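Trainee: What follows is the residue order along each chain.
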Amino acid sequence: MGYGVMKTIINCETGEVIERELTAAEIKQQAADEKEYAKAQKVEADKLAAKQSAEAKLAALGLTEEEVASILG
Amino acid sequence: MANPTTNFGWVMPTSTSLVTNLPADFNTFGQAVDTSMAYLLGGTTGQILSKTSGTNMAFTWINNDQGDLTAITGGTGITVTSGTGPIPSVAIDATVATLTGSQTLTNKTLTTPIISSISNTGTLTLPTSTDTLVGRATTDTLTNKTLTSPALTTPTISTLTTNGDLIYGTGSGALSRLGIGSTAQVLTVASGVPSWATPAAGGGLTLISTVVPSASTGFSFSSISSSYKHLLLTWDGILHSNNSTAFDVRLNANSGANYNSMVYYGSNTSLAQANAGGATSYNPTVPVFGKNVANAGFNNTNSGYLWLYDYANTSYAKQCSGAWMFYDSSGAAHTQIWNSQMTFDILTAISSIDITRLSGTGTMTITTNGSVKLWGMA
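These protein sequence lines map, in sequence, to chains A and B. Take 1 as the starting number for the first sequence in this note's numbering and just add one per residue. Take 1 as the starting number for the second sequence in this note's numbering and just add one per residue.
Extracted from the complex, chain B is given alone in its bound form:
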């Protein structure tokens, strides 16, 4: 053993010390030990030593209460089952969500949650617009969707681009657009698909124009299409404003001596014939739209029809035929009915029909429900 001792530096008697010096040496040693151990004196039951500084042997006795929990108070969702030591205990209540329990969460904001599946019985609010979610009231583009028995309300289809477009199936479920045809064309089938086509001549009559003259001194149908085979002019209820006026028909406003007519007519009870070769209108003897027709009523007013055959040809004279009747309120031969055949010796296609006043200052008016109509025969 080292002398003095290595840790406390206590000085002990040496091997060479005289016996007479031993008591004093032990006194010194004992006092040194006593002094060193003085820090361990004192204290009471349960106390523990505590360092008072970094100095060696700097101890003091203190109560053994360091780090003890004296009481526990529970917070929201936590119940204290034993609030004091030595081992306090707490528990969560039913308001705290657990990992595997079934709970209802209210007003929670989840940031980028990953949801493996959704079982929903209420209203599920989704983002207003994303690439993968479609809102009920948002505008979205659906790709490769199969809709079974969809009910569409006023749908728009991008295939239809122009007013009047039609769509038809291609046989593979796809749709194809058929643009609107031209005026008077009809829908037909060509090469297995629908298409618009000009109808073949079928002999039907097309109403070209209707006129209801009132206090008229003359009128004209102009710009007549050459697309028909024949023209038909019909009229009824023509009433003149006095009994000294006459209206006749001209073609293409032509006033040359090109009208050659032969008419048979019934006048009161007699039958007569009138030949008007080289006239300057249809028939100046008894004009087509009547003369002196001043008595009202369909039985007195002028009515009739005229056919203009092959009117659009440019190689031959034009043939016309027709009949008309009226009541001449000026002369003795009142009731007149005329049946005519007329050759218009002009090669030009007929493009206008003129009802012109040949004589007098009166006007022409249509009786109620009467009309003048121009028809085209295909």
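Here chain A stands alone, though its shape is the one from the complex:
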């Protein structure tokens, strides 16, 4: 049971195209992928937030945008 989510398989040897529902294992993998993706996004968001925080603090010290950019890139 693929829960209505379809996957297209293109056989590069024969050119045959098959469309089928996701297998149970693939549905399970999707759930795991959601977690992995959310985790990666959080890491990236945290990095971005830290950078923005640093930029704000540097600006509070009187640095110009160009001076902040020269430090943080």
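Pairwise CB distance ranges, derived in the manner of DEER restraints:
id, chain 1, residue 1, chain 2, residue 2, range
1, A, 5, B, 295, 20 to 28 angstroms
2, A, 5, B, 176, 54 to 62 angstroms
3, B, 166, A, 31, 52 to 60 angstroms
4, B, 331, A, 32, 20 to 28 angstroms
5, A, 32, B, 186, 44 to 52 angstroms
Quick look at which bits of chain B chain A covers, simulated, 3 or more residues with Cβ under 8 angstroms:
id, segment
6, 205-219
7, 223-234
8, 276-287
9, 350-364
Derived from the structure by calculation, the hints contain no laboratory data. Since we're looking at a predicted model, the values are computed, not measured. For glycine and all other residues, C-beta sits at the position ideal for the given N, C-alpha and C.
Once you have looked at the hints, place chain B on chain A.
Mentor: Frame of chain A, contents of chain B only:
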């Protein structure tokens, strides 16, 4: 002389007859002669004697008209020049064919004629099929014929037996058959004759497959041949149905922690780096087929390329590199361009490439004129 005579039996006087008996004897003799000759009496001028029976001296006089031709009538082609005797004459006219004359024969049937030569200016009708005559519309087998400048219309040659066969000359005027080669083989020359051969690796790209996904939740290139040196995946115009969906790349449907990438990316005006060691897909931080790509237009949709080097080897990890860009319609860092290097730490040859949905419920559609293509590099 015999007495009586041998033929007519006339009785004549004998040598011992008395003189006194002679008159009577001559009377007897004379009467006998007269009686015998009586048949010759009568008749008229021109008549001839005719036997009336087999009896001796059975004659009668008849007209001399036995076997006479009294008149001659001509038939078709015969002209009577003198129809009565004594010597009638006839002649043939111009409608009668003669042995040496020049005539035109019409509707004649000749049975097994022997013709030494033919001089023909009209239509000559020949038998429909014999061993020695060839008809214009019949099916015949010609042996040892030399044709000079023949014009052949859709000929068939028995040398060619299989679809795709080619023929080539052997140098003696004979033809030889070259059967069709295998897919992707090219025509070459070996030992002085043409042959099919697999082309040497020349570095060219071969388009393996093209996909135009529509409302897709994921697709996969499967059964990828190991005959190439490298694989190249290119795409453009990828558009997500909402701004909370992400699609990434997996190899061989492998979801283990085998993807180790380092990416440098430009996000709006800043440059950053992301390290994704031991990931379960190519790069879950910024998935290869984009995240939140919901703004239409080629300047906003996801496009890029990936090289998969030496993908068929079974002794070493696989190296991949590529770049992709898109417009993230959900966050502050909208415009993103990524340049990556990734090591897929698996020894198995890559035989499938999966574009899989990592997150969200949106689908992937190609912008008009966009496509996803898989290439093989020889």
